[in-house]
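**Student:** Protein chains in written order, with our numbering: chain H, 1 to 270; chain C, 1 to 211.
Hints were generated in silico from the structure; no laboratory data involved. Virtual Cβ for every residue (Gly too), placed ideally from N, Cα, C. Keep in mind that a hint or two might mislead.
To be verified - Below, a sample of chain C positions facing chain H; criterion: calculated Cβ distance under 10 angstroms:
hint	residue
1	25
2	44
3	116
4	151
Unchecked claim - Where chain H lies over chain C, by a calculated footprint (3+ residues, C-beta under 8 angstroms):
hint	segment
5	56-67
6	193-204
Residue-level listing of the chains:
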Amino acid sequence: MKRDTERKTTIEDLLRLKRAERPPAEFWATFEAEIRAKQLSAIVSRRPWWDGISRIFAVLNRHPVPVGAAAALALAGIGARYVAGNAETASVNRASVSEPVAAAAVAAPVARLVENAVAAPQETGFAAREAVPVQAPVVAVTESHITKAPATVAAESASRSPFGDGIGVTLSDFREPAPDTAQRAVFGSDREFEPASTPARMPQADPLAGLDPAAERRARLLAPALPAYASSGTRAVATDWMKARASSNERMYESMDQGPSDRMLVGFRF
Amino acid sequence: MNASKTLEKTLVASPERKLEADADLDIVRKVQVGDVAAFDRLILKYRERVLGIIYNMTSNREDASDLAQDAFIKAFQSIHRFQGQASFFTWLYRIAVNSTLSHLRKNRLRSFFSLESIREEDPVSREVIDALTDKTGAGRDAFVHELQEKLNDAMQKLSINHRTVVTLFEIDGLSHQEIAEIMECSVGTVRSRLHYAKQLLQAELQPYLLK
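Given these sequences and hints, build the entire structure.
**Tutor:** In structure tokens:
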């Protein structure tokens, strides 16, 4: 080691030697080929999903003031809408809680609910249900949470909710008369399970209620013998026949009285 | 704050550096709009400096080559994020240094040196070697090799941050301000680390220092 030099060697001089540690020229050819291959693979390879987010943030970072102003405006708008919506909800709740609900006021939306509910199954083609007149909705006017609901909400829910349609189908089934097959004695009645105190139950429409069973039977039996019975005025004809029969009997008794006492003359006349 | 003012504040550099930064910014704008071939010019311009920094931090040429390539690829993939607030040179150095620091922390226990040979064509290195030894031929080569190993041993005894500061300041010739930008710390921290690192190196390399 050379110690007798006049120049002072420092740590900086020693570290400067490190600058002279350089790779040979052929190293750079390999380096260039490898970095080109990596660059191509970086271009071709699919970017991860968060890379798109980072690109968006990079764009936002380039224009911080406009983006910040727009974000502040959007937040202010959302906040104003939220506050306004809360105020409306609070006022509606206050009104519905403080004011008593009148039965008439409640009946209107509920009746509309029933009408809408009944109308829904009729549109589906149930002809039997169309023949049944709706006399009065079966509504229990109570102070339940349903009757306390606002009228607009009840009307909307009745017209739109599928739950309302289901209620309509149930109510129409409730009012529908029993089919003919179910009224026969063989099958019994399907209404036997129902309570007797069904409110506002519709009267059963009996198709034979307007007919007299005796007159019908008489007309059916006498029709072959008396052509007049084949007509529609069965009762009037039968009365005339009864009168004619009574007069012929009187005439017969009169003729019996007029003959000799030891014999009786009987005259038959048809 | 526009890019030129930022450059003036951070680089503390000569007008040549500023012109260089402006030229780099033009190339970067071309790459950002899709001119991929323009990035090759940046690679050619900075590959030796980037490789030198990484090599002096790792003391392993294979690792240095891989890390330098990765640094360029990362810069290429992220070039849309470059906004011109700092120079491209500073931005690229930051990527390279951070990648190297991450690599060194992962492989803290693995220390395998793979050194390049010192090229005596460089006048500064020749002068230093001439001052340290009067040997010629094989004896000189052995002395140079021994000195190189001692230097790398001393460097590897430094912590990662101290080694990085020494590499950037003493070997690559960056200013304190530039190092602070790259390492994302204050200038005072850079000066403190540099002072402490030099004291340690002086203690390790005392036999080679002439009085």
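**Student:** Checked against the structure, which of the hints given earlier come out wrong?
**Tutor:** Hint check: 1 fails alone, others pass.
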